[in-house]
Every structure is written in structure tokens, then in C-alpha cells.
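A.B. asks: Line by line, the protein sequences give chains A and B. My numbering numbers the first residue of the first sequence as -14 and each following residue consecutively. My numbering numbers the first residue of the second sequence as -14 and each following residue consecutively.
It should be emphasised that the hints constitute simulated quantities derived from the structure, not laboratory data. Beta carbons: idealized from backbone N, C-alpha and C, even for Gly. Check before you lean on any hint, since a few could be wrong.
[What the hints assert, rightly or not] Not close to chain A: a few residues of chain B, all C-beta gaps over 10 angstroms, as computed: (1) 16; (2) 63; (3) 82; (4) 137; (5) 198; (6) 215; (7) 383.
[As the list claims (entries may be wrong)] Rough simulated footprint, nothing fancy, chain B against chain A, three-plus residues with beta-carbon under 8 angstroms: (8) 256 to 265; (9) 270 to 277; (10) 283 to 297.
[Said to hold, decoys possible] Computed footprint of chain A on chain B; a stretch qualifies when at least three of its residues, placed anywhere within it, have a C-beta under 8 angstroms from a C-beta of chain A: (11) 253 to 260; (12) 264 to 271; (13) 277 to 284.
2 protein chains.
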Amino acid sequence: MIESPELFLRTLFDAAVAAVSAERCLLPHLPPPPAGRTLVVGAGKAAAAMARVVEAHWQGPLSGLVVTRYGHSARSAQERPLRYTEVVEAGHPVPDRAGQIAATRILALATDLEAEDLLLCLLSGGGSALLSLPAPGLRLDDKQRLTKALLRSGATIAEINCVRKHLSAIKGGRLAVAAAPAQVVTLAISDVPGDDPVVIASGPTLPDPTTTADALAILHRYDLTETPPLAETPKPGTQAFLQARTTVIATAQEALEGAAAAARRAGVTPVILSNAVEGEAREVALVHAAIARQVAAHDQPFPPPCVLLSGGETTVTVRGNGRGGRNSEFLLALLLALDGHPRIHALACGTDGIDGTEDNAGAVAGPETLRRGRNPQAALDANNSYDFFLEAGGLVVTGPTQTNVSDFRAIFIGPG
Amino acid sequence: MIESPELFLRTLFDAAVAAVSAERCLLPHLPPPPAGRTLVVGAGKAAAAMARVVEAHWQGPLSGLVVTRYGHSARSAQERPLRYTEVVEAGHPVPDRAGQIAATRILALATDLEAEDLLLCLLSGGGSALLSLPAPGLRLDDKQRLTKALLRSGATIAEINCVRKHLSAIKGGRLAVAAAPAQVVTLAISDVPGDDPVVIASGPTLPDPTTTADALAILHRYDLTETPPLAETPKPGTQAFLQARTTVIATAQEALEGAAAAARRAGVTPVILSNAVEGEAREVALVHAAIARQVAAHDQPFPPPCVLLSGGETTVTVRGNGRGGRNSEFLLALLLALDGHPRIHALACGTDGIDGTEDNAGAVAGPETLRRGRNPQAALDANNSYDFFLEAGGLVVTGPTQTNVSDFRAIFIGPG
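This is chain A alone, in the form it adopts within the complex (with noise of 0.2 angstroms):
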């Protein structure tokens, strides 16, 4: 019997989140030490808590630079300050000035490294935009214009990700490049749908199999007429990558099943969708409140007392002026679909803890909180859920979580 259902998918968020952080997956996958030295750098909302479990863990000299986001180099100030990495914070999602200046340090860091040494590579989500460094004949506010044009189009963060490859000097494997003929060792947080390492904070040691056709593509698909100068990423085969190697060492899909299993202990019937539902927010809502509502009336796919759990990064078409990010906008909008049903409670969160450019992970609701604020569908349409559960109540808050595996959604179906 579940008291509080709010409470109850906030309890499942916490176990999703606390199943891919850095301090349950990485350990694990330490490679030995080196006979050289060991050069840790890394970019993600989760490169300082990364850079942690490997600094409380290695036998060994070491020393190193992370790049994080503004924000995200601490928990809370009882957690311990690095010793041997430095973690600089950064811009993020446009990238910005403090960001280039690390990207250009690790860069050069990386090339100073000789045949005995390792690079060890810390990736997250988010790492794309911290670790960026325009390639040669394109300025840093050049890539800024168009990642903030390429982040307003509903462009796939795939997509997004091959674009930013073609405008970097360090993205798409050049890091690796650089670093040769060190060892490499990358250990990524996945917050891609599909966990392919080549997306991963743009893959900054790992071949490309994108080409800049490609990328043009992309921006003529999205109708975005500015044409930068696009460079060609190192491909496979490359002499560099043969001394590398990559680990997912935490999944969306390791996230969901620790909130199932956290479910499963409440006596809820944890129902996983998917691990990598991708869509425009609002459509992808109407879906989930359609099974959601086949469960309460017909018993189907699953009786209730279920929990519908799904993972994945959704877009948001911007067409209104408002505050919200894509987990409080797929949340308004699957409320006005659902229209109070009275059994149906909801939470969507970005497990980074940040939901687009506000203070919160998203939201959670019930069938009360539609009518607790004003105008729900009028906020829909001005792309205003931040203010709608400002006012309604539901905004959840954790502050960054130091991890990333990208969106989290559990609805949950109260008994008949």
C-alpha cells in the first residue's frame, strides 16, 4: 500500500539516480596503473564525482584537469575537495569562454603524454559543451550561435552531438589523437539513447564514423542556414585508437532497474517501457498518459498497482517565451492529457538533478495539480512549465547530482 504516491516516485528517483553514480559504477573499472605517469582529465555533470572515486582509489602518481558545469564540483560543501585534479566549472549548454581555456589545457596536457603513460578519460553527459574548443577558422561565438540554434530546432542530441564533432578541435577522437602514443582509458556515464561511446560527449577518443556530409545534413535538415566551416574527424583505423579503449560504465537502462527494483519492494509491479524513448516532449506525454489510462481501465499491459518506468532524452520545439525544461513540459503535458485522472500520479526528472536552465529536476504531480495552477494549457503552449508547477506545486529540487543518464519518468497507477 503506497501512502503518498509523490513521495513514492521521488523515492524512485533517488534509487534511479543513486544506481549510476559514480561511486556505485566506476571502481569496478579502474584500469591498472600505469609503468608512466597517469593523467586523469574528463568533461560531464558527473567529472568531479568522477574524478573522486578515482583519486580515493588509485595506487599511484597522479595528476589532472576536469571540466564541469557551473555548479557541479560539489554535492554540498561536506564533500571533500580534490588533491591531485583540478575540476574548473564551465558553460553549459552553450558553451563558453572558461570551458575553452580547459579544452585547450587538456588538450595540451594530452600531448605531453609518452608510450608508458595512460590518459584516463572521465565522460558524462553535458561533455560536449565543456569540452569545447572551436576548430581552426571558427570563432568560439560562432559555435555558440549555432548551438544554441541547433539545442531551439528538436534536433536529436545525436544529431546535435555529429554537428559539434565537424566544429571541434578535441571532440570526435582528436583527444585521443593528441594523447598518442599514451594509453587510453575512457569510462563513460552514458546519457545518450543507445549508450553508443561514439555519442558520448561527442567522443573525444573514439573514431567518428560521421563525416561532415553528415553534419551538413543535419543543419539543412533543421533548416539552419548559417554554413560554418565544418572539419573532417580522425576515422577508424587511426594509429591513436588502437592504444584505446572505452567502457559504459552506467546506463539510463541500469537507472530504470534500480528504480524497479525499488518499486518492487514497495509491492508496485515496476513496468520498464524503454531506456531511450526520444520525441517532441508534449507527443511522447500523450503516449504514456494513453497506456497509463489502459492499465487503470483495462488491466493492460499490467494490473495496477504498477509503475510505468521509461528513460531516454525527449526535444522541445520552442515556440513560446516561457521558463521549463523538457521533463516539467512532458509532466504539464501528460497532466492535460490524463485530465485528473484520480488514480494516476507522475514524476519526469532529469537525473542530472537539472532540467533545462532552471533550479529544478523537473516535477511531480497528481490529480490535483492541474487545477492548483492556472491555465495549464495556455503554460503548455508558451512552453511555461517551470512557472505552471512553480505555482501548482510539484517542482522537484535536488540539486546537480553529480551523475547523468539523462531523463527519468515513472507513472504510477494506483489500485482500482
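Following the hints, position chain B against chain A.
C.D. replies: Relative to chain A, chain B alone:
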């Protein structure tokens, strides 16, 4: 063991359609004959088939007039013509002069009824367009233009019908008001999500809970700047409705259950996701693809072999100049998202046998389909899914089925 997944999916579609045919569903709901006359009226894609079942089993005198879509009077030349009920064919989804004349005659016949008489009203999907009589002050061509704009706007069928009711002299309960004081029995095959009889064929015999203000808000939401003269509908409590009763005799859920039973007989687990999926077809496809991939990769939410089933009605926001309905567009978007996944086959068809404006019910496809056709992404971008499947193969052509419970989708995931 499924020898041919595409044939298997086609069998499921046939089972779904058979489960909601007039022959299967109508007889148990026939009312007893009245003391006076019985007038059969009706509108929709199933109108002729429904009238045929009534004639075959009716005790007592009978006369009538029903409207169906062009080509939907008979499934084959062998079908027995109706003896007592005139069948008129008219335009759909855009209403035409033939439908207007038929609606005028139906309204006049109903007005002639007396207290001991029975109006037996046979409704099914398509009835909204077919039973079209512009409200005073509105011309048919105004109504045609507005209907076309609504159909292309992305509005849901419930929203479109709300507007239609306020443009009509027969919808939204006005037929029942005309028939008073006769008894009114309505039998309806539902093509609307949620199966609310008020929405089916725009509810000509039921009081309308929506208002002209609701209709205006919908026109506004979809940027339709034209403001036609809207007429308020009869409201609940009106005397005429005390003598009226409505039964929904077939629904999308029953079609899905029919397909599920056929799947079970073939040893495949059926997974009914929803009988009422709404949303933009290509986005709905992304979510279906994500769930199918989860089945294939993680045995979740069910292990293969299984077949995901869903009903409801998607929308297509027309952007290109191509040919194709929402089912073939859904299927093309699904194929692109599945990218030739070797174990997944899918079918999407309208249960009425006509997907949009072409001659096909929909299409069926497998892992090879995508590369048998030219430039699938461009075809999707241009809303040209019909031509894609015409070239690649896979069009499902059944002709009119004489029933209609909206769309049917089946995605088969074979064993690993």
C-alpha cells in the same frame, strides 16, 4: 513459430476488423419494434452494413435512409442490396452536396415521427462529415473550407467534432430534438478515443456538453483566424433526450482484443498498450519504436515473441505535398526509428480500410522495407508515405471494411 511475420500481422488486422463488424456486434443490441413506425437513419462508414443487419433481423415494417462514404455501400458485388433502407453515398472527410441533401431528408423524415414511432439511428466513424447540414447563416463551401483547415491543423478528432457541432443544423443533439416525441435508439460503432458517444459522429441524438466558447477556443488554438457564425447546441435536460438512449456496440478495445486472441492462438504474447493513442503520428511512432527495441534488447516489458498492439487516432500536421494517411506515415516514421532492426515487423492500418485519401488501409513492413524504398527520410518530411510504400512494397489494400474503430497498430518482435 511465425513463418511470415507480415502475414501474421495481416491476420491480426483482419481479426481486429472482424471483431468490430456490424455482423458481429449489432444484433444483441436491436431494440424491440415499437407500436408505430420504425425509421432507420444513420451515417458513417459502417452505415450500410449496420442497416443490412437491421433489415435481416427486424420484425415489422421498416423504412429508412442512411449516408455512407463513396464506395462504402457494399464490400462486394455479391452483397445483397438493401430493400427498405435507402443508402446514399456522400463525401468524406470534407462534406459535400450529396451529404447535405441526405441530411436535409433525414431531418425531415425524423420531424414526421410521432410518439409511438421509433427512430433507430445507426452511427459510425465518418458520420460527422457525412451527416452535414450547415447551420442557418453558413454556406456549404464555408463549412468545407473550415473542415479542410481543421483536418490539416493537427487538432484532435474530439476538437474537430466540437467545432462541427456548432456549425450544424443536425449534429450535437439536433436530430433527436427533431424526432421528438418519438423514441430514439442510437447504436454506435466508436471511432473516437475514450468511446464517448457524445463525440461519435458528433452526437446527433445526444445533448452536447460543449459550447460555442469551446469551439471558438479550438479555432484559436490552431490559429484558424476565420470566425464562422457558431450556433449553440441543445443542452442536457432538454425534453427530447428523455426518450433517447444510446449504446456503443463496438470499440477499439474490442478490435484489439480480437487481435490479441488471434495472436495467442499463434503462440505470440499480445501486449495491448492502449486503445486510445493520440498525438502526432511520427512522434507516436518514436515511442512505439522505443518500446519495441526495449522488448528486443531487454525482454521488457515482455519477452519476445510478442506483439505490441495499440489503437486510437493519431494526427498528421501536413507540411509537405505528398500522399499518404496517418497510418502509413506512422509506419514510415517507425521504420526510420527502427533503422532495419532485424527482429521487428509492423503494421499500421485504418480499421475502416481507408488510410486518409488514398486507396490503401495502411501498410505492413519489415527490416528490409526501409532500403527497398527511395529516400525514406525525404518521403517522411514531405508527408509522402503512400508513394514510399508504393515503391518499397507493403501497402495493405482491403477496400472499405464497412466498420470503423479508428487506427490499428501491431508491432511484432520475434524471438532473439
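A.B. asks: Each hint needs a verdict: does it hold in this structure or not?
C.D. replies: Against the structure, the hints:
Residue placement check: residue 16(B) keeps its beta carbon more than 10 angstroms from all beta carbons of chain A (closest about 28 angstroms). The non-interface label for residue 63(B) is consistent with chain A: the shortest C-beta to C-beta separation is roughly 37 angstroms, beyond 10 angstroms. The non-interface label for residue 82(B) is consistent with chain A: the shortest C-beta to C-beta separation is roughly 36 angstroms, beyond 10 angstroms. With a least CB separation of 17 angstroms from chain A, residue 137(B) remains clear of the 10 angstroms interface cut-off, as annotated.
Annotated as non-interface, residue 198(B) keeps its C-beta farther than 10 angstroms from every C-beta of chain A; the closest such distance is 14 angstroms. Distance check on residue 215(B): its Cβ is at least 20 angstroms (rounded) from any Cβ of chain A, clearing the 10 angstroms threshold; non-interface status holds. With a minimum CB-CB distance of about 25 angstroms to chain A, residue 383(B) clears the 10 angstroms threshold, and the non-interface call stands. Against chain B, the stretch 256 to 265 of chain A contributes 10 residues with a C-beta closer than 8 angstroms to a partner C-beta. That satisfies the three-residue criterion, and the hint holds.
Coverage of a stretch by a chain is defined here by at least three residues with a beta carbon nearer than 8 angstroms to that chain's beta carbons; for the stretch 270 to 277 of chain A and chain B the count is 5, and the condition holds. Residues of the stretch 283 to 297 of chain A with a Cβ under 8 angstroms from some Cβ of chain B number 6, which satisfies the need for three, so the listed coverage holds. Given a C-beta distance limit of less than 8 angstroms, the hint that chain A covers the stretch 253 to 260 of chain B holds, as 5 residues qualify and 3 suffice. Judged by the Cβ-Cβ criterion of 8 angstroms, the stretch 264 to 271 of chain B is covered by chain A as claimed, because 5 of its residues qualify and three suffice.
For the stretch 277 to 284 of chain B, the assignment as covered by chain A holds, since 3 residues bring a beta-carbon within under 8 angstroms of that chain's beta-carbons and 3 suffice.
Of the numbered hints listed earlier, not one is contradicted by the structure.
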